[in-house]
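These protein sequence lines map, in sequence, to chains X and D. Our numbering puts the first residue of the first sequence at 1, with every later residue one more than the last. Our numbering puts the first residue of the second sequence at 1, with every later residue one more than the last.
Among these hints, one or two may not hold up.
No distinction is drawn between identical chains; accordingly, a pair holds when it is met within one copy or between any pair of copies.
What the hints assert, rightly or not - In silico EDC-like pairs for lysine to aspartate or glutamate, Cα to Cα no more than 20 Å straight-line:
{"hint": "1", "residue 1": "Lys161", "residue 2": "Asp110"}
{"hint": "2", "residue 1": "Lys131", "residue 2": "Asp118"}
{"hint": "3", "residue 1": "Lys54", "residue 2": "Asp118"}
{"hint": "4", "residue 1": "Lys54", "residue 2": "Asp110"}
{"hint": "5", "residue 1": "Lys131", "residue 2": "Asp23"}
{"hint": "6", "residue 1": "Lys131", "residue 2": "Glu194"}
{"hint": "7", "residue 1": "Lys131", "residue 2": "Asp110"}
{"hint": "8", "residue 1": "Lys131", "residue 2": "Asp25"}
{"hint": "9", "residue 1": "Lys161", "residue 2": "Glu179"}
Honestly, the hints are just simulated from the structure, not real lab data.
Number of protein chains: 2
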Amino acid sequence: MAGNSSAARSVTSRALDLLGAFDADHRSLSLSDLARRTEIPLATAHRLVAELQKWGALAREPDGSYVIGRRIWQLGLLAPVQSGLRQAASPFLHDLYGATLATVHLAVRDGLEVLYVDRLAGHVSVPVISKVGSRLPLHATGVGKALLAYAPEDVLVEALKRLTRITAYTVTQPARLLEQLRRVRAEGYATTGEEMSLGACSVAVPVRNGDQVVAALGIVVPDLRRQLPRMVSALQVAAHGIGRTLAGTPSVQWK
Amino acid sequence: MAGNSSAARSVTSRALDLLGAFDADHRSLSLSDLARRTEIPLATAHRLVAELQKWGALAREPDGSYVIGRRIWQLGLLAPVQSGLRQAASPFLHDLYGATLATVHLAVRDGLEVLYVDRLAGHVSVPVISKVGSRLPLHATGVGKALLAYAPEDVLVEALKRLTRITAYTVTQPARLLEQLRRVRAEGYATTGEEMSLGACSVAVPVRNGDQVVAALGIVVPDLRRQLPRMVSALQVAAHGIGRTLAGTPSVQWK
Chain X
1 MAGNSSAARS VTSRALDLLG AFDADHRSLS LSDLARRTEI PLATAHRLVA ELQKWGALAR
61 EPDGSYVIGR RIWQLGLLAP VQSGLRQAAS PFLHDLYGAT LATVHLAVRD GLEVLYVDRL
121 AGHVSVPVIS KVGSRLPLHA TGVGKALLAY APEDVLVEAL KRLTRITAYT VTQPARLLEQ
181 LRRVRAEGYA TTGEEMSLGA CSVAVPVRNG DQVVAALGIV VPDLRRQLPR MVSALQVAAH
241 GIGRTLAGTP SVQWK
Chain D
1 MAGNSSAARS VTSRALDLLG AFDADHRSLS LSDLARRTEI PLATAHRLVA ELQKWGALAR
61 EPDGSYVIGR RIWQLGLLAP VQSGLRQAAS PFLHDLYGAT LATVHLAVRD GLEVLYVDRL
121 AGHVSVPVIS KVGSRLPLHA TGVGKALLAY APEDVLVEAL KRLTRITAYT VTQPARLLEQ
181 LRRVRAEGYA TTGEEMSLGA CSVAVPVRNG DQVVAALGIV VPDLRRQLPR MVSALQVAAH
241 GIGRTLAGTP SVQWK
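Okay, chain X solo, but in the shape it has when bound (with noise of 0.2 Å):
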């Protein structure tokens, strides 16, 4: 023990730890999951996660497991990313889901993966894997593609290295991406065609926020063929709504 700043620190990451135990495939934990999994004495997991239920941030289910608490979701909802981009988005995502009925996603670039903030999908829409919340590869996705096209070089390099194959039609060649990415810039949109999904393909837009591709939109559609002008029409007005909203409210500033 080494006095009492750096037992401090210790308990404070123990207890962070113990909500960094929950992921989507963990939503539900024992005690003695959540002691195993954070490698803490049972006793300690034991006095902890009674503060974090205590406070809110953890409940317990009737089997005596614990989950994520109401409170983490309120908290959570303050957060820039939700409070700001989400909300933003929100009426326009919703524009634009009325007018196509397909699945529609805004996602943010978070290191080398698509992270999905918002999805909207109905009945009708074609099912796809992504949840708000959700993770993707970068070079699968359309949204992916979108926000790929305009990172920083470093980003697009360590992107390149990491082009796994998800389908058969998976992009997994370097030249072949950067050529996508080059008319992705030209044309102002991206697509998919079953890269990350059988049947199912996407259109894609950045979303600006002054000079900065701070986001994307896109539609997840079973056929581009068709329709494809009129969708980049309807993802391009519904950006840049979204863009001219962030950069009307000084006080988001949600990266």
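Since chain X is already given, all that's left is putting chain D on it; use the hints.
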């Protein structure tokens, strides 16, 4: 200092208090704001904030202030209120929005308030004051009345003590509200007419998981008279769909 266990409890609760200092009216706080709002000494606040930032629970803005970080947003997406109820309901909400273009609400009761779990609105929808994560009184909203009609006796008794007037049309007489709630149970839907905001009327229905009313689904429109039967049908179809989805997913325990 009463030994390690007490120090630990104090540190965790201080870290949580720093997170809890953020709310809808305080989305961005300076270090000194944080220290003042939590009554934590500046040096301690500084150290804890640095740990929270390192983990991603807080993020630092270009102006030096702190905001809730993306990691808390992502964790919040795992909360059952989001991952269970909101996700199960999402396609039905979008169908309902596509059919009506009205503002669509999904809400749960949290104590004596309505907590808005999801909200869809396009640019043609009636402007409303609710936001996802915001709370409003039970007695003045359509979703609130739908929830109150099926609430336990003690909740009803407490709610009847707090019939605050919000507009000239808010129901503030206990006997009149009780009669309305009886009709909600008999007819299966609740309505409001400018009781929360002038110019906005609402219709709402309960969402059931088995026998339990677990949420309410509502739409906000400028005028109820012309389309009420059609709106009630659309809401009931969607509410049954959500209920079936919840009942069919045994891992979902979202309450």
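Check your understanding: For this structure, which hints from the list above don't hold up?
Key -> Checked against the structure, the only hint that fails is number 3, while the rest are satisfied.
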